[in-house]
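Novice: Respectively, the protein sequence lines represent chains A and W.
Be aware that the first sequence starts at 1, since it is given in this note's numbering, and climbs by one per residue.
Be aware that the second sequence starts at 1, since it is given in this note's numbering, and climbs by one per residue.
Calculated directly from the structure, the hints in this document are not laboratory data.
Beta carbons: idealized from backbone N, C-alpha and C, even for Gly.
Simulated DEER-style distance windows between Cβ atoms:
hint, chain 1, residue 1, chain 2, residue 2, range
1, W, Gln-212, A, Gly-64, 45 to 51 Å
2, W, Ser-124, A, Asp-3, 35 to 41 Å
3, A, Gly-27, W, Gly-337, 37 to 43 Å
4, W, Leu-193, A, Gly-64, 37 to 43 Å
5, A, Gly-64, W, Asp-382, 44 to 50 Å
6, W, Arg-295, A, Gly-27, 26 to 32 Å
7, W, Leu-245, A, Val-29, 57 to 63 Å
8, W, Arg-135, A, Asp-3, 38 to 44 Å
If you want a taste of the chain W side facing chain A, the calculated C-beta under 7 Å gives, among others:
hint, residue
9, Tyr-323
10, Ser-345
11, Pro-353
12, Thr-364
13, Leu-402
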Amino acid sequence: MTDPALVLDCRGMRCPLPIIELARHIGDVEVGAAVTVLADDPAAASDVPAWCRMRSHEYVGADGDAYTVRRLH
Amino acid sequence: MSTRGVSAPSDALASPPPGAAPPGYFDAASTEPLHPAAREVLLAAADEGWADPARLYGSARRARMLLDNAREIVAAVVGARPDEVTFTASGTQAIQLGMLGSVAARRRQGAGPRAVAVSAVEHSAVLQTAAHLARHESTTTAEVGVDRDGLVDAAEFAAAVDDDTVLACLQAANHEVGTVQPVDEVAARCADLGVPLLVDAAQAAGRLPLPQGWSVLTASAHKWGGPAGVGVLAIRRDVRWRSPLPDDERGGGRVPGFENVPGALAAAAALRARWEEADAVADRQRELVDHIRARIPELLDDVDVVGHPTLRLPHLVTFSCLYLDGEALVSELDRAGFAISSGSSCTSSTLRPSHVLAAMGALTHGNVRVSLTRDATRADVDRFLAAVVEVVTRLRAGLEAL
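Modelling step: build the complete structure from the supplied sequences, incorporating the hints.
Specialist: Structure, rendered in structure tokens:
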């Protein structure tokens, strides 16, 4: 899987906090680079891809508790 | 007998008239207040239908007649024969008995077809009963997914039904997002293979014409304005079903225990009244729901309106607001005078998000389900929209830059 430019450790946080962290930090990486969110709240499995769809970023995929997103704009 | 905590309705100003929900009550999909048509019937039937309907004397025959009358009314609305209809203690009990009995009739000593086909968005009572069957009857569960609108693909569901399928279960309409499922198309495939199809009609009964291809149909009276404690289990005469419970001659051998005659009759009265007004109520509710569906994305950024835009229940609409906590939305809207439910994980006892929203790929946090009662008005809805905007804006304070 894509090597992320940034890893956000959101383990122990409940949704929507991991999604808020992702939104806060997506701008910290270059367009085309990836951010990985570590989140153990089961809602993240739905909410990370849904955030990508709503905010027009690319959902790269999940590996266990690690959800990777590519910044598109 | 202590009646502490039970008081006569003295606070007339705070209480809506009998049969009407308070104006901000938008959780009809959980339950509706008693329909005005059921109220008198419930009281009259409590006076006249108290005797044991299984006995042979006058008052018992009277109770039996009232019960048969209730069964005939419900049968006519759901498209069944009266002898196919039995009243249960709840919609959940109807689902449990319907599923367990259908499987019991087709599996003996661990042999026979073993797969239970369900959609991923069934009510948890269906999914939990499938899990129970897997643990105790060695069945497997074939779960069929849905698209972004929560809609089951009929061909995909049909493909999941084969000679090894012991039972298929597909809801008439979804309880969280309102999407109406292609039951009759799935039913044709099930009929070809001789697989019984259980249809959970809890949200659709009394609101929409029901699909007719079912083998077993279940419903719940309090969802249509009947009393709580009354469910409906209808089993087609040519469908094999065997009670999963100890023998009991009550309820036609299908449902154990002394029948709730007043409850059944009031449920039937509510259903008939509901059905007679269904088109008018649905037209009104569709207009209000369309208004909410159109206005929410105009009024708020970053909201996901979920559920099929046209194949839907008339009274229910669901949306999710990015970055918000569903529990905070429920409690802030409650403070503003609105009762809504949420499929967000923080509002569930298991802290897991709604399996329906997850199966659809919808945003699960910040979720709001609005379901209108029969007498909801445009003014109620407009007040609600204003409250949602105020609450969402306030709760998002500090997150504007995201």
